[in-house]
Each structure stands twice: as structure tokens, then as C-alpha cells.
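> Using the hints, position chain A against chain P.
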Amino acid sequence: MRDEDMSVQHALLEARGIGKSFFGIPALDEVDFTLQGGEIHALLGENGAGKSTLIKILTGVYRRDRGTIYLHGNEVSPDSVAEAQTLGIGTVYQEVNLLENLTVAENLFLGRQPRRFGMIDRRTMRDRSKTLLQRYGLNIDVDALLSSFSVAIRQLIAIARAVDLSGKVLVLDEPTASLDAHEVKGLFTVLRQLREEGVGIVIITHFLDQVYEIADRVTVLRNGRLVGSRTISELPRLDLISMMLGRELQHITRDHQAEPETVDDRGAPSIQFQNYGKKGSVAPFDLDIRPGEVVGIAGLLGSGRSETAFLLFGIDRADSGTATIDGEQVAITSPEAAIANRFGFCPEERKTDGIVGDLSVADNIALALQAQRGWMRLISSSHKRELADSFIKSLDIRPADRERPIKFLSGGNQQKAILARWLVTEPRLLILDEPTRGIDIGAHAEILKMIERLCSEGMSLVVISSELEELTAVAHRVIVLSDRRHVAELSGRQLTTDGIIRAIAGTGETEAA
Amino acid sequence: MNWFTRRLRRLAPQLAALAIILGVISLVAPGFLTVSVQNGRLYGSLIDILVRAAPVALLTVGMTLVIATRGIDLSIGAVIAICGAVAATLISEGYPLPVVIAVSLGVGIACGLWNGVLVAVLDIQPIIATLILMVAGRGIAQLITEGVILTFNDDTFSALGSGALAGIPIPIYLWIGTALAIGLLIRRTALGFLIEATGINRRAASLAGVRARFLLFSAYAISGLCAAIAGMIVTADIRGADANNAGLWLELDAILAVVVGGTSLNGGRFSITASLIGALIIQSINTGILVSGFPPEFNLIIKAGIIIVVLTLQSPAIVTVFGFIKATRRGDKLNHGAKEATR
Chain P
1 MRDEDMSVQH
11 ALLEARGIGK
21 SFFGIPALDE
31 VDFTLQGGEI
41 HALLGENGAG
51 KSTLIKILTG
61 VYRRDRGTIY
71 LHGNEVSPDS
81 VAEAQTLGIG
91 TVYQEVNLLE
101 NLTVAENLFL
111 GRQPRRFGMI
121 DRRTMRDRSK
131 TLLQRYGLNI
141 DVDALLSSFS
151 VAIRQLIAIA
161 RAVDLSGKVL
171 VLDEPTASLD
181 AHEVKGLFTV
191 LRQLREEGVG
201 IVIITHFLDQ
211 VYEIADRVTV
221 LRNGRLVGSR
231 TISELPRLDL
241 ISMMLGRELQ
251 HITRDHQAEP
261 ETVDDRGAPS
271 IQFQNYGKKG
281 SVAPFDLDIR
291 PGEVVGIAGL
301 LGSGRSETAF
311 LLFGIDRADS
321 GTATIDGEQV
331 AITSPEAAIA
341 NRFGFCPEER
351 KTDGIVGDLS
361 VADNIALALQ
371 AQRGWMRLIS
381 SSHKRELADS
391 FIKSLDIRPA
401 DRERPIKFLS
411 GGNQQKAILA
421 RWLVTEPRLL
431 ILDEPTRGID
441 IGAHAEILKM
451 IERLCSEGMS
461 LVVISSELEE
471 LTAVAHRVIV
481 LSDRRHVAEL
491 SGRQLTTDGI
501 IRAIAGTGET
511 EAA
Chain A
514 MNWFTRRLRR
524 LAPQLAALAI
534 ILGVISLVAP
544 GFLTVSVQNG
554 RLYGSLIDIL
564 VRAAPVALLT
574 VGMTLVIATR
584 GIDLSIGAVI
594 AICGAVAATL
604 ISEGYPLPVV
614 IAVSLGVGIA
624 CGLWNGVLVA
634 VLDIQPIIAT
644 LILMVAGRGI
654 AQLITEGVIL
664 TFNDDTFSAL
674 GSGALAGIPI
684 PIYLWIGTAL
694 AIGLLIRRTA
704 LGFLIEATGI
714 NRRAASLAGV
724 RARFLLFSAY
734 AISGLCAAIA
744 GMIVTADIRG
754 ADANNAGLWL
764 ELDAILAVVV
774 GGTSLNGGRF
784 SITASLIGAL
794 IIQSINTGIL
804 VSGFPPEFNL
814 IIKAGIIIVV
824 LTLQSPAIVT
834 VFGFIKATRR
844 GDKLNHGAKE
854 ATR
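Those sequence lines, one after another, are chains P and A.
Just so it is clear: in the first sequence, position 319 is 319 by this note's numbering, and no numbers are missing.
So this note's numbering is basically just the index in the second sequence, starting at one, shifted up by 513.
No lab work stands behind these hints: they were computed from the structure.
Careful: at least some of the hints might be erroneous.
What the hints assert, rightly or not - Rough simulated footprint, nothing fancy, chain P against chain A, three-plus residues with beta-carbon under 8 angstroms:
#1 693–705
#2 713–723
As the list claims (entries may be wrong) - Result set (SDA-like, lysine to any residue): computed pairs, CA atoms no more than 20 angstroms apart in a straight line:
#3 P:Lys351 to A:Pro809
#4 P:Lys407 to A:Gly660
#5 P:Lys351 to A:Arg583
#6 P:Lys351 to A:Ile814
#7 P:Lys351 to A:Ala725
#8 P:Lys351 to A:Arg715
#9 P:Lys407 to A:Ala649
#10 P:Lys407 to A:Arg715
#11 P:Lys407 to A:Ser719
#12 P:Lys407 to A:Leu528
#13 P:Lys351 to A:Arg782
#14 P:Lys56 to P:Asn223
#15 P:Lys407 to A:Pro543
#16 P:Lys351 to A:Asn779
#17 P:Lys407 to A:Ser777
#18 P:Lys407 to A:Asn779
#19 P:Lys407 to A:Pro829
To be verified - Over the 12 angstroms line for every Cβ pair with chain P, so calculated as not near, a few chain A residues:
#20 Ala532
#21 Ile533
#22 Tyr556
#23 Val616
#24 Leu656
#25 Thr669
#26 Ala672
#27 Ile681
#28 Ile708
#29 Glu709
#30 Trp762
#31 Ser777
#32 Gly780
#33 Gly781
#34 Ile820
#35 Thr825
Remember, predicted model here, so these are calculated numbers, not experimental data.
Every residue, glycine too, gets a C-beta built ideally from N, C-alpha and C.
So here's chain P without its partners, still in its complex pose (with noise of 0.2 angstroms):
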């Protein structure tokens, strides 16, 4: 970079052995992450990396627990967004965040407005908008509500705000989610531009090819460890995406080798989906599920591997396709429909989506049952407590106490909680979404065993995991997805880490699904 001479003693922003926790789980630890000015440097990695804390903490939104932070070599301790922003970092979020029935000239210089006589000055405020929107290209009206602009003028308004405002260091989270292919072409050319100033970027984003296409440098975390800071151009797409989805084995690794193909083996598959897709959520795909087959979902985030699940289970309604039961054919139309064809679905997002959080242990355990068995036959409560302190038992809920809301559960135990809840209802076929995020390790060698013990009862399991040991740990058969496509389909011998890798980055010898 051009000023290369300028920055060789201290990095635009550094931080060093950053850590923070929520409720005693550790989200980051130890990570280091260093932007020089005059670069762009994208930070990657899957959803609970540790990616959004360690923003939040460079941005002043988080506290650190430990480690240090330093801006030009000085050190840095941002409270607030406002703080940072003095400081001279600046965020601009994927929800951007400004104010839409404000004019574009209100929006730019709120908080800030030029003054004359203690009144706003409106014409100052409205020239000085306009000479910096045209930096970027922008030739707007500023009188204009922001309302009235789309969402990638937006983030144009947003990014010239926050430039305007720190100056030095630019956040950017998921600045491409929705623009389309020439919005983004727009948005890049402004990052360019910006770069030769030598404002530094952070860029969080999930789509590689746009890493490869604007970064100068990634930096990898993973479950909020960090795997590695590396020159882009030095970078094969393979070992990125290694390096996101890691394969250092540290768990049982079922020996495939030793079991040859053995998935022919167990008989006429029973529950069938043929063609069945929805268009923008997941291009249709064909999958059979045999009885006591694990069957994982692999691919980056983004993918569609939720999207996956949410059509297996009714959540969004397939517009194309089929699915059969026993050759039988039925419409999974909803959630309750999925129930009653005995699916379950432990969700990736267990706050929003898994727990009750005000209810107790024994109620959500109970709840799914409860629900198939409709308002008017209610779990006896000696019912309930028995099926309370048996799966307690056989899961290791910790506490024991079934009477606790489940919300002052850790998440280790809430998951098998939300297992449990499933269980009771004895489904044919279990669609784990992430079952091991954010839970301790303890908890998470006793989820995989505990899917290795069901599927040897005859259960069926869909366990989609950005974790590829733990895929091909436990599954006969992985269905690999790119861009919202079924794109390989590895079983056996193929079914290694390097494998879904190759699969992944399109290189390896794939099956069209």
C-alpha cells in the first residue's frame, strides 16, 4: 500500500488477546486482529465465530474482559458507539442505521448539525452534504426523506456519514446482504476509493467470491478462537474455507473405512423428498432418508442449510416437489403437519426459536407432546414429572431441578432440554439445526453420542453443522450445499473433512444432487 513508510511502526488498529464471555461461555478468547490503514480486510468465519462480538468490542458496544486494543499505537478503551466514533472508528450495520423519515442532509449531520445564531444552518448543512455525497458518486437530492432512497443508496448515505464522522477505521457488517450484483459493483468501487485515501475497512460478509474480489486480508475465527490472519491473494479458496470450517479432529471419528458402504444396506428409504424446493430459500433436491440413517448438511452460512430444515419441517411451504412417507405421499404444510407425521426440529436458534423461557424444565419437555396430543388431553402432572426427572436423567440436565425455568439453564443443557422435548414425542425422523452451538464441550461429546445411540434405535436424524468433524463423525451420508444448491452428495470413502471442503469450494469430483 501507498503508505506503507507511514505505518510501519504501529497498525491503524490492533488488538491483542481480546476475550469477553456471556453468562461464563466464552465467545471470544485470546484473539488478535490487526487492520492497517489503507487496506480492506475481511473477517470471516461461521455464525457464533465471534465475529459480531469482536466488532462490537472494537466499536464500543461490548466491554472486553481482557486484552488490549490500540489505535495508531495508542491505547484505546471505546465505551460507547459515540466514543469510538471520536476515536475515529465507524460502523455502518447490515440494518442500517439511520433514521428514514429524516432528509439525507438531516441524516449526515445528526448529532452535528452546523449552527448559525444557535439556529441549524440549514443551506451550510445542505452544501456540505452535497459536496460529500459527490465523493461517492452520489447526485441526490438531500432534501430527500432517506425513505425515499433504496438500501444500497443508503449504505452509501451511512458509510459517507461514518467516514465523515471517525475518519480512520470503517466497520462494515454484511454490507452486500441485500444489494443486488450492481449495487454491489457501486458499493465496492466507493471501498476502493476509500482504501486510496487510506481509511482502513473491516468487512464481515459470508460471500467468498466478494472476498476474493475487494479483500486484501482475512482474519478467521472460529467458535471465537482465532484461526489465522492471512494475505488474500496467498490464500487458495480450499484452505479459506479449511480454515473456516476447520479439520482438526478431535472427536470419535466413525471409521469409514472399516464400514464400506454400508448405507445400501438398510433397506428401501422411508421418508422421500422428491424435487422439493422453494424458490429463494433452496433450489429443489431430491433426499431419502433410510431408517436409522444420519444424513448431515454441510455448506458455508448462507448456503441455505436452515433454509433446508425450515422446508423438511413445514416452517416455510415447498412450492415444488414432493414428499412420501412409507410410499405414501404427505403434504408437510406446517410445523404441526411435520409433528404429526412424527418429525422434530431442534432449531439453530434456541432462544428465539427452541425455549420457552419462562416456563420450566418439565413444561418444555412436555410442550411438543402436549401439542400433539391437542388442548383437550392434558398431561397429567405425575405424567409430566416423570417424564421431567427420566430425560433429566438420561441426558444429564443439570441442575436436576425440573421445576426451574429453563431459561436459567446453561446452553449445554437447554439443547438437551429441547432434545428431550422431541424425544418424548418418539419422532422417525430428528432435524438437529447446529445441536452443538455455543454448548460447553462437556455437553457436546454427549449430543453426538447421544445422536450416534438414536439413530442405532432405528431413529432418523438430519444434523445440519458448520462443524465438519462433527459431520463426518456422526453421519452415513452428507449433502453438501453451495448457494442455496444441493451440490454433492459423499458417502463412504468420500466422506472426509477434505471432502466437504473440496465439495464446498467446487473443486472436488461432485455428484450433481
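For chain A alone, coordinates are given in the frame of chain P:
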């Protein structure tokens, strides 16, 4: 902890508040607690409270369920007027009592289902959805009564409001009976459990297969039904239907009763019994102020003052302080225990 002590612990703040309020009134107005028998019928301020509480208590039952779903029903005061108008019209046209009662109840349920459509199907915010019927309802009632106060003379129907059975006024039977019936319906079936789950986290409940829409419909329908019964009592009591004033602002008293009863407006865990005690607290304040001889213009202010005190005692801030004090004490005990154990 067994069932009874847990219930008692849940109801303790409301029971204590009611006892204190009754105690204070009896100090100001001697004879307040006396109940006498005249002509084979119970008389006294306490009985009066139980009778006068009937409309609010009935509304409170339905309101508790609606609030438990994280909703609110502003329309029930207007539903009282509609159902009262329907009942008065049918009575004055000479329809038999069972028909009058059945039609009025049906109209109340229909009003509730209308709210249900707006809230559960169209996903309109409950406060707006029920505001529509709150405003329109009195208009509908006026159309039914053709703009006049419709009076009638029918002793059997009037008995619903002013009659007595075995010495006890009939409104008392009606509200306690309704509350018991609905309480049993809610707690002996899974309705209560599922309503709580829906109110706390509708999305999670739906993903677990709970039919959230059906539950919202039931809650609003029950609320409409309760308002219909209250409407008949009010109408029977004054032997006439007053579209403008019947049940006016009673929905606000019902909301207050639920809140005093400790059910959160954020939905979730509810107790109909606690809400009913809340309704009794409100009615005791009303009656108490009257019998203690304060100038009536002070009534509303005194009532507001007392309710502020009750709510302050239940507020999260105060609960946190109490919880902290308790926890410190328990902590002391624990430390103590631990020390003893190490010895």
C-alpha cells in the same frame, strides 16, 4: 414444596394487600366488616363488594387469559353494552329467558372471535385490534337500542342482577361460578399451559407444534363470553340497557386487576385467582371510599394512590431489592453452613 404452599406463596402479596385494605377501611368505617341477615338475605359492605365486583371480576377472568397470550382486550366494556342491548331488546320483545341468555352469550363470543380474527389471522397489534371494537361497539349497541335507554320489566331476568338464592345474591354465584368453570377448563385441559407457552414465546411454541392461532382465538372468545355475562348482570341490575354508559371504562379496571394480580403484560405465567383478588381489591377500594364518608370527588385519586402503592410493591425494582436482601441472607446462611461443614 407442595402444591398448596406454592399457591399460597404466589397469592400472598395480593391477599396481604386485600387484607390491609379491608383492615384500614374497617378502622375508618366501623361496622364495615359486619354481615347481617335480613329477610333471609345476607347484607353488609363485604357482601356489597362481592356483588359490585361481579362485572369487573368476570371481565378479569377473560382479560387474564388475553394478557397471558401477550395481548390485551380493550373492547370488553363495549361488548358489555352490546350484549346488554341485545338482552334488553330480546326481553322486551318477549323472548323466553333461555333464548335471551343463549343469544347474548353467542353475541359476546362472536365479538371475541372478531378480535381473534384481527389479532391471530391479520396479525394486527392487540391494542389496536380491540380498540376498533371498543370504539365501534358502543355504536353497535346504540343501533340495537335505537339510541334510547331501553328499559324492560321482567322479574326473572332482573334476578340475574338483583336476585338472591339461599340468601346469597345471584351475581356472586355468577362470577364465582364462571371463574370456577373457566378456571377448571383452563387448568384441567392443556389450554392454560399452551396459552402460557404461546404468550412467552409464540415462535418457539409454534415450532413445537402448538396451534397459536387457535389459542389466541380461544382467549379472545372467552373474554367476549365473560363480557357477555357481565353485560347481562349490568343490564338486569338496572332493568335497562344504556348503550353509552354500560360497562364504561370497565376494561381498564379489568386490566388493572390483572396487573395488581401480578400477571405480566408481557404475557406468560398467569393466575386467574390472583387477578380475581386484584378485582376484589379494586372493588374494596371503591366501596371503602364510599362507606368511609370521604367526599366522592376524592375517590378516583385515592384509588389511584392505593394502586400505585400496590404496584410499587410488585415492581421489578422493589423485587430486585427484596431478592437481593433475601439472597444476602441466604448467602450468609450458606456460608455459615459451609463453615460448619468444614469443621
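> Sort out which numbered hints this structure fails and list those numbers smallest first.
3, 4, 6, 9, 12, 15, 28, 29, 31, 32, 33
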